[in-house]
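Engineer: Here the protein sequences come in this chain order: A and B. Counting in the working numbering, the first sequence runs from 28 upward without gaps. Counting in the working numbering, the second sequence runs from 28 upward without gaps.
If you're looking for bench data, these hints aren't it; they were derived computationally from the structure. A couple of the hints might just be wrong.
Pairs count within a copy or across copies, as identical chains cannot be separated in the list.
Unchecked claim - With a Cα cut of at most 20 Å, we get these calculated SDA-like pairs of lysine to any residue:
| # | residue 1 | residue 2 |
| --- | --- | --- |
| 1 | Lys102 | Lys166 |
| 2 | Lys166 | Thr149 |
| 3 | Lys76 | Tyr88 |
| 4 | Lys166 | Pro79 |
| 5 | Lys166 | Ala74 |
| 6 | Lys147 | Leu114 |
This is what each chain is made of:
Protein chains: 2
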Amino acid sequence: MVRAGKLSLDDLKTQLRDADLRATAPRLAVLRCLHEADTPVSHAELADKLAPEGWDRATVYRNLNDLTDAGLARKRDLGDHVWRFELLRASDTHGDAHPHFVCDECGEVSCLPEGSVEIKTTRNTPVRLKERVHEIQLKGRCERCN
Amino acid sequence: MVRAGKLSLDDLKTQLRDADLRATAPRLAVLRCLHEADTPVSHAELADKLAPEGWDRATVYRNLNDLTDAGLARKRDLGDHVWRFELLRASDTHGDAHPHFVCDECGEVSCLPEGSVEIKTTRNTPVRLKERVHEIQLKGRCERCN
DNA sequence: CGCGGATTTGCAAATGAGTTGAAGATGCAA
DNA sequence: TTGCATCTTCAACTCATTTGCAAATCCGCG
Numbered sequence: 028m029v030r031a032g033k034l035s036l037d038d039l040k041t042q043l044r045d046a047d048l049r050a051t052a053p054r055l056a057v058l059r060c061l062h063e064a065d066t067p068v069s070h071a072e073l074a075d076k077l078a079p080e081g082w083d084r085a086t087v088y089r090n091l092n093d094l095t096d097a098g099l100a101r102k103r104d105l106g107d108h109v110w111r112f113e114l115l116r117a118s119d120t121h122g123d124a125h126p127h128f129v130c131d132e133c134g135e136v137s138c139l140p141e142g143s144v145e146i147k148t149t150r151n152t153p154v155r156l157k158e159r160v161h162e163i164q165l166k167g168r169c170e171r172c173n
Numbered sequence: 028m029v030r031a032g033k034l035s036l037d038d039l040k041t042q043l044r045d046a047d048l049r050a051t052a053p054r055l056a057v058l059r060c061l062h063e064a065d066t067p068v069s070h071a072e073l074a075d076k077l078a079p080e081g082w083d084r085a086t087v088y089r090n091l092n093d094l095t096d097a098g099l100a101r102k103r104d105l106g107d108h109v110w111r112f113e114l115l116r117a118s119d120t121h122g123d124a125h126p127h128f129v130c131d132e133c134g135e136v137s138c139l140p141e142g143s144v145e146i147k148t149t150r151n152t153p154v155r156l157k158e159r160v161h162e163i164q165l166k167g168r169c170e171r172c173n
């Protein structure tokens, strides 16, 4: 997966402050992990990864939610009843309504080209359905997991 | 959504026995409710509905899972961290099931006609995407919440 | 019909993800 | 450096779901 180059500690701090969040040590650790991850990460995974560094589960949790509330990350459920978090990247900014493909198996989320899914209006389709949809999600098994 | 006509108690019993499940009273009640529902139902909704009839939450829960294991129903998470169950119907077995529309605001889930969403294959589309998708979810604001 | 063993139920207690309260620690603007 | 709002920590809590188990119920067989 394409990743921006390694970010310095200062880059991370700036990212947090721009989002009106204090740059605390555990917060930076959480943000760093999200940057390093190439698939959405669950709280448990992150907590396990950060426990050795001495951070509390609740702290990791609150930070994950803080980042989400601040608009830096997104929280989603891939169908397995586990919240997973991923950084919101420039390409994810709303407006362009490209659909997402979610792999049930590995949780990988990939972006599909805009227009690759078409909502058709039929006699039975609820009125103005198309205008009301702001996210399209396809679920299945990705090529790798197939 | 098109519903089969009202099913008799015997019809329900037959359905259960064909799936190798005993036709017990709570099981029949659960099955009946699923037949009556026109959207996927959560355990809590069903338990609340059946509590007055005297059925235990755990029993409702187990039955929901039994029906799912037996292939009569399907358990899914529409992205709001709530398991919802719906009967598997004949029309669902033809590869592409009907898409679901999930309201972000009220959580209401509605079923769209099969075929109302089309996956188009373009030059940029990952190979054989269509065959790998087994669920289509549209998210937005429903008419009521709009 | 009526038996008997396997399946189910009901209750209560366990589990586990996720959240919250409170007190002390820390970041940061001035 | 200081003041204080924001954070962290720990433990205790909530709430959905699961489990153990004794008692109740199904249903094939006689």
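Engineer: Which of the numbered hints are not met once you compare them with the structure shown?
Structural biologist: Those not satisfied are hints 4, 5, 6.
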